[in-house]
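Sequences listed follow chains A and B, in order. Per this note's numbering, the first sequence starts with residue 1, numbered consecutively. Per this note's numbering, the second sequence starts with residue 1, numbered consecutively.
Only true hints are included.
Below, a sample of chain A positions facing chain B; criterion: calculated Cβ distance under 10 Å:
#: 1; residue: TRP28
#: 2; residue: PRO70
#: 3; residue: PHE83
#: 4; residue: ASP91
#: 5; residue: PRO126
Covered by chain B, per the in silico footprint, the following chain A stretches (three or more residues, Cβ under 8 Å):
#: 6; stretch: 37 to 44
#: 7; stretch: 51 to 65
#: 8; stretch: 101 to 114
Bear in mind the hints are in silico, worked out from the structure with no lab data behind them. Since the model is a prediction, treat every value here as computed from it, not as a measurement. We treat Cβ as the ideally placed atom computed from N, Cα and C, and that holds for glycine.
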Amino acid sequence: MARLTDLPPSLAHHLADLECPTHDTTPWVNGPPLSGRRVAIVSTAGLQRRGEPTFDLGDSGYRILDGDLPASDIVMSHISTNFDRTGFQQDLNVVFPLDRLRELAARGVIGSVARFHYSFMGATTPEAMAPTARALAPLLQRDGVDALLLAPV
Amino acid sequence: MSGLAHVFEAAGIPTIVVSLIREHTVKMRPPRALWVPFELGRPFGPPDQPALQTRVLEHALRLLAAPSGPVLEDFPEEAPHSASAETGWTCPVLFRAPATAGTQQDALRLAVRREIAMLRPWYERALAVRGRTSVGVSGLSIDDVLEHLCVPLLAASSAPNAAACTADSLRLAAEDLKAYFTEAATAQPGTVSSATVLHWFWHDTSGSTLLRALQAHFADSEDPTLRLLSALLLVPRSQA
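Based on the sequences and whatever the hints tell you, model everything.
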């Protein structure tokens with residue numbers, strides 16, 4: 001369904017024409033077996049704690065999603081109107097699969113789930129988000145994260 | 001998403017991208033990516049499909065075992081077809097004919113207020129079943145959301161609280177209005193596609209007439225933030 005050919009033409013053209021930064025090389029880090037990894041989620045769905053400052057146009061910041069935060073306290077303030085929100089409204093795991101991740105930890109598929117997760121707002125350009133992401137990396141490392149799931153919306 | 005993968009991986013943290021737009025991922029070459037054939041807004045598939053969500057998650061995480069990259073794999077399952085399940089879906093309430101573009105502002109406000117009241121039992125059922133709501137980003141009650149959205153349209157555009165209506169406050173109020181309607185509409189048992197729900201909202205409700213009226217009101221605004229609101233942030237491209 002997210003195939004460009006399945007989207008309304010105006011949205012498909014908009015997405016096809018979006019400028020994407022290119023990279024000559026791809027960084028690569030190895031790690032322990034999956035069963036020993038600590039996993040965090042970074043979403044670009046514009047998720048945030050209810051009552052926090054909302055994301056706005058050009059916002060390159062992130063919001064912290066404490067693993068203890070009840071699902072009822074998580075809302076979405078992404079600026080785009082061009083993606084489905086009804087799935088998220090019915091089931092948070094559609095965009096932020098923390099429950100599923102915890103089940104994988106309980107089964108021993110992964111080592112553990114990080115204490116903190118984070119959300120950016122994906123309408124901001126990758127270039128604008130990069131400095132904030134670089135500043136966030138040490139926080140993830142301090143939490144022991146050695147597997148980062150990057151979830152779009 | 002792929003841009004963030006480059007940053008975090010370069011900082012020493014192994015990453016896996018879930019990709020919704022394969023073309024973007026191919027261009028940006030993140031270390032590891034799993035493309036999923038789901039609609040925008042649903043990177044882990046349809047709601048209330050925990051087994052499918054788990055399969056997506058496991059497939060993505062197992063890309064960490066690759067010895068070198070970049071790696072881009074396609075998730076092999078499509079979203080379950082729900083057309084047969086949704087044939088029974090009907091609007092949970094019977095609205096009068098929705099207000100139209102020619103409806104006077106006061107009448108439009110009353111029409112939306114009536115719809116909010118009629119949907120309330122369904123909204124509250126959804127809240128009780130799910131234990132959560134996505135309504136609330138504006139910080140206003142749903143009744144105040146409606147009042148806020150009507151301020152720019154009322155004849156007295158110099159109303160005392162008109163200055164409180166910024167592009168951002170109107171955008172967030174519009175998001176809350178849409179979320180209230182669509183959460184109520186999906187409260188019935190069974191499944192319904194996002195396309196069906198959005199078609200209902202954008203064609204059969206006075207709530208959408210109000211948002212289109214705001215879109216038209218600000219189309220030629222002198223304020224660039226309000227012009228942007230009008231052009232992009234109220235009505236999806238698919239419904240323009």
